[in-house]
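A.B. asks: Now for the letters of each chain:
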Amino acid sequence: MAQIAHLIGQILIGIGLVFMAFGIYSVLRFRDFYSRVVITAKVDTVGFLTLIFGAMLIEGFSFFTLKLALIVVFELLTSPISTHSIAHSAYASGYRIRKDVRVD
Amino acid sequence: MKQEASIVSSITGLLYPFIIVFGIYVILNGHDTPGGGFQGGAILAVLFIGRYIVAHADDFNIGRAHNVEKALLAVLILVPVVFVFGSLSRRFPQYNQVYLVFMNLLIGFKVALGLTVVVFRYAFYEDR
Amino acid sequence: MSFYDAVLLTLALLTIGGIIRVVIGPTIWDRLLGLNLISSKIIMAIIVFALMIQRTFLLDIAIVYALLGFIGSVLIARFIERKGE
Amino acid sequence: MIEAILLLLLILLAIVAVETQILRMAVVFLGIFSLLLSFLYLYYGAPDVAIAEAVMASGLVTLLYLTALKRYRVYNICFTNQMFREVDDRYIVEGTRRGQLLHEVEQFCISKELEPQVVFTPEDLETLMETRKYDLIIRQEGDQLTIYGSQENYFVDELEMLLILRYQDLNTRFMRYAEDGSFVEES
Amino acid sequence: MRRLLHHISMMAVFAVVWIILEEQFSLTTVAVGSLIGLLTMIVTNRYVLRADYESDYRLGLWVGVRYVASLIIQIYVAGIQALIKVLRGQVHVGIVDVHTTLESDFHIALLANSITLTPGTVTLERYGNNLRVIWIDCVTTDPEVAGPMIKQNFERMISGGKS
Amino acid sequence: MRQVALTIFVVLLMGSVLFIANGHREILDNEVSAYYLQNFTSDTGAGNAVAAIYLNYRMYDTIFEALILITSIIGMLHFFRAGGNK
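Residue numbers (this note's numbering), protein chains in the order written: chain U, 1 to 104; chain E, 1001 to 1128; chain D, 2001 to 2085; chain C, 3001 to 3187; chain L, 4001 to 4163; chain Z, 5001 to 5086.
One chain only, chain U, in its complex shape:
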């Protein structure tokens, strides 16, 4: 039983890495800042969650898992803050996408 959980955990970690590689690929591929923010910032979150769930499965129910859960909660609270503040900084400095955006 533990063997199967171990295997599934390793597969989940692999899937998380694939998601993260996709995030890096799109950060290199897209050609304007706002697309990069929208895609990468949070395709990365999917990879993060998958990898942590894989680690939780490998470890079983222990204090290691509980600490990982704590990390998940803190990361879910703080990582959108930094993305939001970067996007807001670009927007407030006058970086725009296209002409038909209304300004007030």
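Hints may be right or wrong, so weigh each one.
[Said to hold, decoys possible] Pair ranges (Cβ atoms, derived):
1) C:MET3129 - D:VAL2023: 51 to 61 Å
2) L:VAL4145 - C:ILE3022: 37 to 47 Å
3) D:ILE2020 - C:TYR3043: 14 to 24 Å
4) U:HIS6 - L:LEU4005: 24 to 34 Å
5) U:HIS6 - L:VAL4063: 27 to 37 Å
6) C:LYS3133 - Z:TYR5060: 52 to 62 Å
Hints listed in this document are in silico derivations from the structure and should not be mistaken for laboratory results.
The C-beta atom is built at its ideal place from N, Cα and C for all residues, glycine as well.
Could you slot chains E, D, C, L and Z onto chain U? The hints should help.
C.D. replies: Relative to chain U, chains E, D, C, L and Z alone:
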């Protein structure tokens, strides 16, 4: 200005007590996990810095913090002089743990106050 | 080479990808975005490393980054937005 | 293997951070530097130092650097292009003649101890002039490059001398505006 | 005594956090954790936040758990949708205003956070009860139409299923 | 020309230093560190060797470090008096 910063300052406000608890954990458990006075104190100092950045709160009393820090230094010198150099540690080995925790706490609060005073003073001085 | 070594190596390669964006990124906000990405990669690497050598206390460092890492990027973003005033 | 990769990246980042002329970018590079450094401390078995590095780099040191950088005045440059409907990296073409011009303007700012901050936008000129946030507006319309600068600013005069000398092949002209936003014809 | 009762929910939360950090479950850790939680709340209310933490950040336990669960599900659904869109190259980024009916600052911040976390949308700024959002495939700029597509069911989750 | 020569000189110097440092094995005072690592738990009751060393074996270090911090703060407050707020 307040309306604009609202999302960041709300979530940071939610995190304040968690940062304090984590800082105290790093200070208190310094004697058997990595961490200790300096690291925990720096975490507590980052809390005040984050508060200054996010909420633009400059209500920190530098003079009083500096006085508290001087008093902590006096205790910090006194305790090991009595305990370690006065060979009490060899006579009462069961109080060793208490001594370590107490010293870590003292160093932690001293470093937190010291770093906060340094950074605030520098930021304020450059501001005006 | 064990499984965890391979994972750490992949994470290092992904970090290189992030650093490419940071170095060539035309505007400064691209660079900040890259900083954000690399920060999450490093948290991941710390978790995998802790899993590899089976030490729970290494997760404390991941908690430090998860709790306090955003202060740095918020600080830089605010500074750029206010145009240094 | 991972150790070698991270150490090489550290050297690369240190060189890039030293060589950057725009100092606020060096702060970003140093942030990444300290992230990698913290992981390396952990890898070498020094978690105490790793925690200290993480905490110091995320808050204290960044604030000190940025407070020191407040001394530099920021020069806001706005680049607007009427050809493209959407902003993308084609705006910032390195290697072509126009990219060189923008680069030259940045270099000139750095030599005058100003921090250039370039913003790219496809907005019309009227909306840009309304906000009055920018010190210099470079506008591209087909082949025509127009540079708008404030009338009283002696900095723009020096820049004009430099650019007219070096970029005669480009179709460049300078426009000045007065404080109330009306344009002054070049005499 | 009444002040102690006022803090008791946060004391329980911090006792749990302390047990997780200390990695042992015993009477001592529970007691120390509650004590540190009490001290932390007093210090936070008096010196750091300078407001009443409990009334500012009120979220029921059951609401919170359901919110996190639905957030994770939404992250996966939207992540895979965004992935397909990017691979096909159908990206049309635009900026939309979204109106929300939530009232407290904290709830609006949570809504903005979850909009940022679901791939495909990033919150730009908040003014009053409106959020300005970057959207990856901007089919419409009408706030009435775009609102439900962006907010999903987060609004109902956060306010506890009332609205 | 001078800059190029200087660069080559620095690179050569760095290479030679790295080469020498790579071949050289530092012989540390093994007895003290071995003693510390074996006996720190029974001597001081700490679980973390670093804490045992900086709070017990090397107490003077910590005291003077705290003293240096407070000295630097006093110096800072003194020199920045003109522009500060208090």
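A.B. asks: Each hint: holds or not?
C.D. replies: Going down the list of hints, with the structure as the test:
| no. | hint | result |
| --- | --- | --- |
| 1 | C:MET3129 - D:VAL2023: 51 to 61 Å | violated (35 Å) |
| 2 | L:VAL4145 - C:ILE3022: 37 to 47 Å | holds (42 Å) |
| 3 | D:ILE2020 - C:TYR3043: 14 to 24 Å | holds (23 Å) |
| 4 | U:HIS6 - L:LEU4005: 24 to 34 Å | violated (46 Å) |
| 5 | U:HIS6 - L:VAL4063: 27 to 37 Å | holds (35 Å) |
| 6 | C:LYS3133 - Z:TYR5060: 52 to 62 Å | holds (57 Å) |
Hint compliance for this structure: hints 1 and 4 are not met, and every other hint is.
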